[in-house]
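The opening residue of the sequence shown carries number 0 in numbering that gives the first Met the number 0; numbering runs sequentially from there.
Don't take every hint at face value.
[Claimed, not checked] Computed Cβ-Cβ distance ranges for the label pairs, DEER-style: (1) A50 / R287: 36 to 46 Å; (2) W152 / Y49: 15 to 25 Å; (3) M219 / L9: 47 to 57 Å; (4) P156 / A44: 10 to 20 Å.
Calculated from the structure, these hints are not laboratory results. Using N, Cα and C, we set each Cβ at its ideal position, and we do this for glycine too.
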Amino acid sequence: MTTAATGSPLLRRDAQVIGLVGLAHGVSHFFHLILAPLFPWLKDAFSLSYAELGFLMTAFFIVSGIGQALAGFVVDRVGARAVLFFGMACLTVSALALSVAQNYSMLLIGSMLAGLGNSVFHPSDFTLLNKQVSAPRLGHAFSVHGISGNLGWAAAPVFLTSIALLSGWRTALFAAALIPAAVLLLLVLCRSLLRTDEVNASVASPAQQETASGNVTAFMRLPSVWMCFAFFFITAMALGGIQSFSSPSLREIYGMSLASASVGFTAYMLASAAGMVWGGFIAAKARRHDRTIAIAFALAGCMALLIATGLVPAWMAVVLMGAIGFGAGVAGPSRDLLIRAAAPKNATGRVYGVVYSGLDIGLAAAPLLFGALMDANLPASVFIGIGLFQIMAIVTAIGVGSSTARKAAVVQAA
């Protein structure tokens, strides 16, 4: 009876924190695509080339990648809550700025501001989840976090294009600004759930300040941190290829219509969300998360290589796209728990900020590589690249897992 009484409030609090952080993460992923669905309108309105449009996205991820590495340090110093509020406010202002843009320079500034806002979410989100959610539910928390991001990606094109068709692209961007504004208001109202304890420089003892200052970059000497960074960069290269060029590649390899190729990407997204749900249950019970990641990405990589052969029917290629998404989704919660195990105590924000900057760098670089392959009329190479990147990610995941396992064994022996 006592367990039930004490467990129910804890469960409720965990669910509230997971829901708030997941909602914020969904908004950040929505803003990954704040401009791409509106490219046809922006191209005509400002007489832009595709290269200029593409650079708007590259600028977003460059700023986000640099900002994400720095945001982790700020999170560990001032707290995740304040940084999360700042990011949400930046997204609001960026959409408002984009909605009144009069030239390409203003579009570029708005995109970079959105990238700055996006940069805070992973270090803030994961710090909040790791510090506020009970350990047995962390696998499910990371699962919800990943699913919410996918939902944000899925919602953006529908939301923006629907409003743009009815009232124009400026109205669509103004309406988009209302989303982070509303979520920011909700986060402020629920701010007591998002409080974390950091060392405040103004009240810390001299010994604490000296320790904090001396150790602030010590985590960057850990090989496991840079293996995590490499893991995110490699998997982001695969993800960037899927997001940017899987549909045109499917059309070239299998002679699909645009609608059918789009169904393939939709299958990837839906199966990825389903995989994250299952992956949350696996991560909650597994001890070696690197093995889960290895199996999941081996499946995904092999399916991508099979698509590249062009030997399967077109309908089967769509099914295989779903299999790729499912494998990537299953790996998600285990991936985040693997990073948690590799992060030193009181450096959660910094570690997540640095390693997740690899995601932004990969997403910025992938369109350049896979776009060049498509321009060279090598559509099969897109899926070959996707598959190889996913298989390469296994090496880094096992490296991180082995390193953290050795560290745990040493601590236990001591």
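These are the hints, each one checked on the structure:
no., hint, verdict
1, A50 / R287: 36 to 46 Å, "holds, 45 Å"
2, W152 / Y49: 15 to 25 Å, "holds, 21 Å"
3, M219 / L9: 47 to 57 Å, "violated, 35 Å"
4, P156 / A44: 10 to 20 Å, "holds, 18 Å"
In summary, the structure is inconsistent with hint 3 from the numbered list given earlier, while agreeing with all the others.
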